[in-house]
Amino acid sequence: MGDLTGALTLAIAAAAVAVGVFGLRRFNVWRPDLGTSADQASFETLHLASLAAPSLRGGLTQAGTSRAIKPLRTLLGSTAVAITDGQRLLAWDGEGQDELGEHAVAHAQSVMDSGRSQVLDGLGVGDHPAGEPIREVVVTPLVSGTTVIGTLAAYVSSSSAGLIRAVDEVGSWVSGQLELAELDATRTRVAEAEVRALRAQISPHFIYNSLNAIASFVRTDPDRARELLLEFADFTRYTFRRSGDFTTLADELRAINGYLLLERARFGERLNVTLRVAPEVLAVSMPFLCLQPLVENAVRHGLETKDGQGTVTILAEDAGAHCLISVEDDGVGMAPERVREALSGEPGSDHVGLGNVDERLRTIFGDEYGLTVATAPGAGTKVSFNVPKFQPGVHA
Amino acid sequence: MSQGYGIAAISIVVALTAIIGAFGLRISRTTSDFYVASRTVSPLWNASAIGGEYLSAASFLGVAGLILAYGADLLWLPVGFTGGYLIMLVLVAAPLRRSGAYTLPDFTELRLNSTRLRALASVLVVGICWLYLMPQFQGAGLTLRTVTGAPLWAGELIVAIVVVTTVAAGGMRSITFVQAFQYWLKVTAILLPAAFLFLSWHADDSPSLTRDSLPRFAVATTVTAPEDLQIRVTQPVVPRVTGVVDGLRYVGGVAPLAPGPHTVAEGTRLDFPAGAPVPVEENLPAATDEAWAQPLSGGREHSLYTTYSLIIATMLGTMGLPHILVRFYTNPDGGAARRTTLAVLALLGVFYLGPTLFGALGRIYAPDLLLTGRVDSVVLELPSRMVGGTGGDLLSALVTAGAFAAFLSTAAGLTMSAAAVLSQDVFRSRDVRTFQLAAVPATLIPFLFALIAGGIAVGDAVSLAFAVAASTFCPLLVLGVWWRRLSTVGAAAGMVVGGASAGAAVLATIIGGPYQGWTGALLAQPAAITVPAAFLVMIGVSLLTPRHVPSNIHRIMVRLHVPEGLGQEAGDFSR
Numbered sequence: 001m002g003d004l005t006g007a008l009t010l011a012i013a014a015a016a017v018a019v020g021v022f023g024l025r026r027f028n029v030w031r032p033d034l035g036t037s038a039d040q041a042s043f044e045t046l047h048l049a050s051l052a053a054p055s056l057r058g059g060l061t062q063a064g065t066s067r068a069i070k071p072l073r074t075l076l077g078s079t080a081v082a083i084t085d086g087q088r089l090l091a092w093d094g095e096g097q098d099e100l101g102e103h104a105v106a107h108a109q110s111v112m113d114s115g116r117s118q119v120l121d122g123l124g125v126g127d128h129p130a131g132e133p134i135r136e137v138v139v140t141p142l143v144s145g146t147t148v149i150g151t152l153a154a155y156v157s158s159s160s161a162g163l164i165r166a167v168d169e170v171g172s173w174v175s176g177q178l179e180l181a182e183l184d185a186t187r188t189r190v191a192e193a194e195v196r197a198l199r200a201q202i203s204p205h206f207i208y209n210s211l212n213a214i215a216s217f218v219r220t221d222p223d224r225a226r227e228l229l230l231e232f233a234d235f236t237r238y239t240f241r242r243s244g245d246f247t248t249l250a251d252e253l254r255a256i257n258g259y260l261l262l263e264r265a266r267f268g269e270r271l272n273v274t275l276r277v278a279p280e281v282l283a284v285s286m287p288f289l290c291l292q293p294l295v296e297n298a299v300r301h302g303l304e305t306k307d308g309q310g311t312v313t314i315l316a317e318d319a320g321a322h323c324l325i326s327v328e329d330d331g332v333g334m335a336p337e338r339v340r341e342a343l344s345g346e347p348g349s350d351h352v353g354l355g356n357v358d359e360r361l362r363t364i365f366g367d368e369y370g371l372t373v374a375t376a377p378g379a380g381t382k383v384s385f386n387v388p389k390f391q392p393g394v395h396a
Numbered sequence: 001m002s003q004g005y006g007i008a009a010i011s012i013v014v015a016l017t018a019i020i021g022a023f024g025l026r027i028s029r030t031t032s033d034f035y036v037a038s039r040t041v042s043p044l045w046n047a048s049a050i051g052g053e054y055l056s057a058a059s060f061l062g063v064a065g066l067i068l069a070y071g072a073d074l075l076w077l078p079v080g081f082t083g084g085y086l087i088m089l090v091l092v093a094a095p096l097r098r099s100g101a102y103t104l105p106d107f108t109e110l111r112l113n114s115t116r117l118r119a120l121a122s123v124l125v126v127g128i129c130w131l132y133l134m135p136q137f138q139g140a141g142l143t144l145r146t147v148t149g150a151p152l153w154a155g156e157l158i159v160a161i162v163v164v165t166t167v168a169a170g171g172m173r174s175i176t177f178v179q180a181f182q183y184w185l186k187v188t189a190i191l192l193p194a195a196f197l198f199l200s201w202h203a204d205d206s207p208s209l210t211r212d213s214l215p216r217f218a219v220a221t222t223v224t225a226p227e228d229l230q231i232r233v234t235q236p237v238v239p240r241v242t243g244v245v246d247g248l249r250y251v252g253g254v255a256p257l258a259p260g261p262h263t264v265a266e267g268t269r270l271d272f273p274a275g276a277p278v279p280v281e282e283n284l285p286a287a288t289d290e291a292w293a294q295p296l297s298g299g300r301e302h303s304l305y306t307t308y309s310l311i312i313a314t315m316l317g318t319m320g321l322p323h324i325l326v327r328f329y330t331n332p333d334g335g336a337a338r339r340t341t342l343a344v345l346a347l348l349g350v351f352y353l354g355p356t357l358f359g360a361l362g363r364i365y366a367p368d369l370l371l372t373g374r375v376d377s378v379v380l381e382l383p384s385r386m387v388g389g390t391g392g393d394l395l396s397a398l399v400t401a402g403a404f405a406a407f408l409s410t411a412a413g414l415t416m417s418a419a420a421v422l423s424q425d426v427f428r429s430r431d432v433r434t435f436q437l438a439a440v441p442a443t444l445i446p447f448l449f450a451l452i453a454g455g456i457a458v459g460d461a462v463s464l465a466f467a468v469a470a471s472t473f474c475p476l477l478v479l480g481v482w483w484r485r486l487s488t489v490g491a492a493a494g495m496v497v498g499g500a501s502a503g504a505a506v507l508a509t510i511i512g513g514p515y516q517g518w519t520g521a522l523l524a525q526p527a528a529i530t531v532p533a534a535f536l537v538m539i540g541v542s543l544l545t546p547r548h549v550p551s552n553i554h555r556i557m558v559r560l561h562v563p564e565g566l567g568q569e570a571g572d573f574s575r
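The listed protein sequences correspond, in order, to chains Z and W.
The numbering of the first sequence is the working numbering, which starts it at 1 and goes up by one.
The numbering of the second sequence is the working numbering, which starts it at 1 and goes up by one.
Think of the hints as simulated: they come from the structure by calculation, not from any bench.
A virtual CB, placed ideally from N, CA and C, is assigned to each residue, including glycine.
Treat the hints loosely; a few may be bogus.
To be verified - If you only want the chain Z side, here are some residues facing chain W, beta carbon under 8 Å, derived:
hint, residue
1, Arg135
2, Lys389
3, Pro392
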C-alpha cells in the first residue's frame, strides 16, 4: 500500500505539473525568452508599448490615459509625462505635478493650435534633492484623422534631439492607438445600429392578413373579433417596444402565442402547433424577436401553399451551457439553393425573416451560432439554432 | 446484511442511471398549450432538484459515521451543510440569479469584466469539483465493500466508469424533475429506515444515549477484524479470540486485554460477551456516552477551533459549489431564487434528521464499528442489525440503493461541471466530443485521490472541498455582490491566496494525512484561517488598486440589485 500511495502521489504530482505548465503557456504567463541585448531592448520597448496599448484603446479618457502613462514615461525616460486633451490635464506621471500640473494645459496650447511639436524652456521648477529640476518640456500633438485631439508632454531638465525624436515617435504611436480606439467605437456603433435596424421587422403581410381576418369576424362574431384585436394590440406592443435588445425565451413564447392565435383566425383548424420546451431554459436571454420570425416563416411557407392540415413544432431543449431551439413544419419545404438565398438575405427572397435572424444571431453571439436549416422540396423544413445560457452583455 | 438484496439494489440503481444517461429521459412536456409550455418550475420542485444534486455520500454516509464517532460536535456538519443555504439566501441567491450567470466563471467574468479572472475561476471550479468527487468515490467503495466484501477500489472504479459513461453519453443531468425525484428517493431511503429504527429503539425500552460509561456491546457480539487493527482499550475486557492478538495466537481461548494499545491481526475473530466495554480503533476517541453527547468534549483535538472552522467552511462554502449554482438558473427571477433557497433549507433540514438518528443509534446498536474503525458504514449496517429478517434486508437494500443513487447523482453533476469548464475554458472548444473527452480527466484525478486518501472519513473529505470553496468563491461572491470597490487585482489576489492556502492544506491532508495536534487541526480544517485571509487580501488589495475597479460597476450593481420588472434599462449587447 505504501508503494502504491507513493506511486500515485508521484503520478498526480506529474499530472499537476503538466497541467500547470500547459495552463501557464495557454495564458501566456510563462514562455522561455532568448535573444541578444539589442533584441532584449526591442522586446522591452515592445513590451512597454503593449502595456500601454490596451488602456489607450478606450480612447482619450482620464481612466485610460492614467493607466497608460506609466509605461509611456518609462519608454521616454523623462522626469515627468503629461497627457492633456487641450482643455484639461488627463494624466500626469512623475515629479512636479504640484507645481506644473496646473500649467500643463497652457504648455499644450500652442501645440494644440499649430499641430506641431514644440520645446518650451525656462520652467525652472522642482528642487528635489534626488533629481534635477525640471527646466524644459517637449510637447507633441495627438492627432486623430486631421484633428488635434490632445497633447503628450515630456518634462525634463534639458532636452536633447534624441528625446524630441522619441517624444514625436511616441506621440504618433499614441495617436495611432487613439485612432484605433475611434475605429473600435465606430465599429461598435455600426454593429449596434445594424442590430437596431435588423430588429423587430414585423411583417407587413402579417398586419394586412390579421386585420383582414379580424374584419371578417366583426359582424359574425364580435366577441371573437374583440379578443383578436386585443391580441393584435399585445403583439404589436411587444414588437414595437423600445427598451432593450433582448428578451427571454418565455416572453418570446408568449408573443408567439399571440401571433399564432391571429394566424389561427385565418387558418382555422388547419394549423396545429406542438411545443416541447424544457422549463430549465425558459429564462435564457435571446435577441428580441428571433424565434417569432421562424415560426411565421414555418406558417407561411410551410402551410400557406399546402392543402390540408399542417403542424408546426417548436422545441427548446436544455444542452448544458447552451439551449437548443428548433422550429419544424411539415409543409412543402424548400430547395437548398432557396435556403442559401434566404440566409444571405438576397433581395427578392421572400424569406426575409431567416436572413435577418441569422445575421443578428451571428452578430451577437458569434459566427458559430447562426441558423441551421434542414429542408428539401416536399419534406418540410426544420430551422434550428443554439443560444448560450450566458454571454457577457446579453441580458434580458 | 443479505448480499443478494444489496447487490440487486446497487445493480438496479446503476442500470437505471446508465439507461437514463444513454437514452436521455425525455419527460416530454409535449403540448399544444403555450401556457403549459411556458410554465416555469416551481420553487419547491427546483429546491428538490437542488437537494437531489446536493445530498451526496457525505450526507448519506459520512454524517452518521462522524456523529457515531465524535458526537455532538459533528452535529455542526449537517447544520452547516444546511445553514450554507441560509447565508446564500440572505447574501447572494437573488443577485446571483439577476446577474444572468449560469456558472461561477460566468459570474466572475460578468462582475469583473475580465477574461483572465474567468480563467482563474475556471481552474478553481475544476479543483473544487475534483475534491468534492473524491468522497463520492470513497462512499461508493465502502458501500460496495459493506455489501459484498469487495475491495474499496472496486466500488470506486464502478462508480467512476458509470459516471464517465453517463456524462459522455449525454447525461440526464440537467432535467429538473429527474433530480427532484432523486431527492425524494434519498429522503425515503434514509427516513423510512430511520423511522423503523426509531420504533425498534422505542420497543427496546429506549436505552439511554448518555450513560456515564463507555459504549458497551448490547448483546454478545462477534467481531472479525477486516484488516490489521490498532485498537485502544480503556477498561479491561476479556473476549474469546480465534486468531492473533498482540502477536499471540489464540484458538478460541480468552485473551484479557488490559488498558492500553493492542494489535489485532487481519481475520481474527473476537467474541465479546454482552455488556462488555467496546475497545476503539486508535484514531477514534474513547469517550463515555455522556461526554460524547456534550459539545467540545467528544474527543477531537482542538475541538473548539475545528468546530468553528467546520462551521465557517460549510456555511460559507455552499455558495461556491459549482454544481449547485447552475440549478439557480432555472428560477425565473431573483424572488423565485430566494423562495427556492428557503425551500432547500426546509428539505435539507428534514433529510438530516435521518443520518443524525442513525449515528446516535449506532452508538448503542453497532458499537463494534468503533472497534473496526469503519464508522462510515453505520447507515448501511444498522437496519439489518436492529430490525432483522426480511424486513431488515429490505430496509438495508433501500438504504444501499439510496446511498448509491446519492454518489451517482452528485458525482455525475460534478463531473458535468468539471468537464464543461475543462472543455470550454481549457481546451477552448464548444464541441460535444471535447466535452465527452473532458469527462475522463474530470473523473480520473479524483479517482486517484480517492485511492490515496483511504484514511480520511467521507464526511471530513467533503469538508475539504467546502473549505476551498469558502476560501475562494465566497469572498468573490459576497464582495462582488455587495462591495463596489472590489477591483480585478484584489479579486485575483484574494482568490489566489485563499485557493492556494486552502488547497495546500487540503492536498497535504489527502496525500500525507491525517496529522496529529495543531498541524492536523489546521490542515484538516483550514477554513477559519484561510477564509478571513482571503477576505482581507481581497479587500486590502482592492483598496490599494482603485484604478482596477471595472468601469461599468454601477451598471452591474443596478443589474444585480434592482428587482426585475421595474423597467430599468436592460443591458445592450455592446458593453
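Now for the hints, and whether the structure bears them out:
Given the 8 Å rule on beta carbons, the hint for Arg135 of chain Z is violated: about 31 Å separates it from the nearest Cβ of chain W. This hint holds: Lys389 of chain Z has a C-beta 4 Å from the nearest C-beta of chain W, less than the 8 Å allowed. Given hint, Pro392 of chain Z at the interface with chain W, holds; its Cβ is 6 Å from that chain's nearest Cβ, closer than 8 Å.
Figure legend: structure checked against the earlier numbered hints; the only hint not met is number 1.
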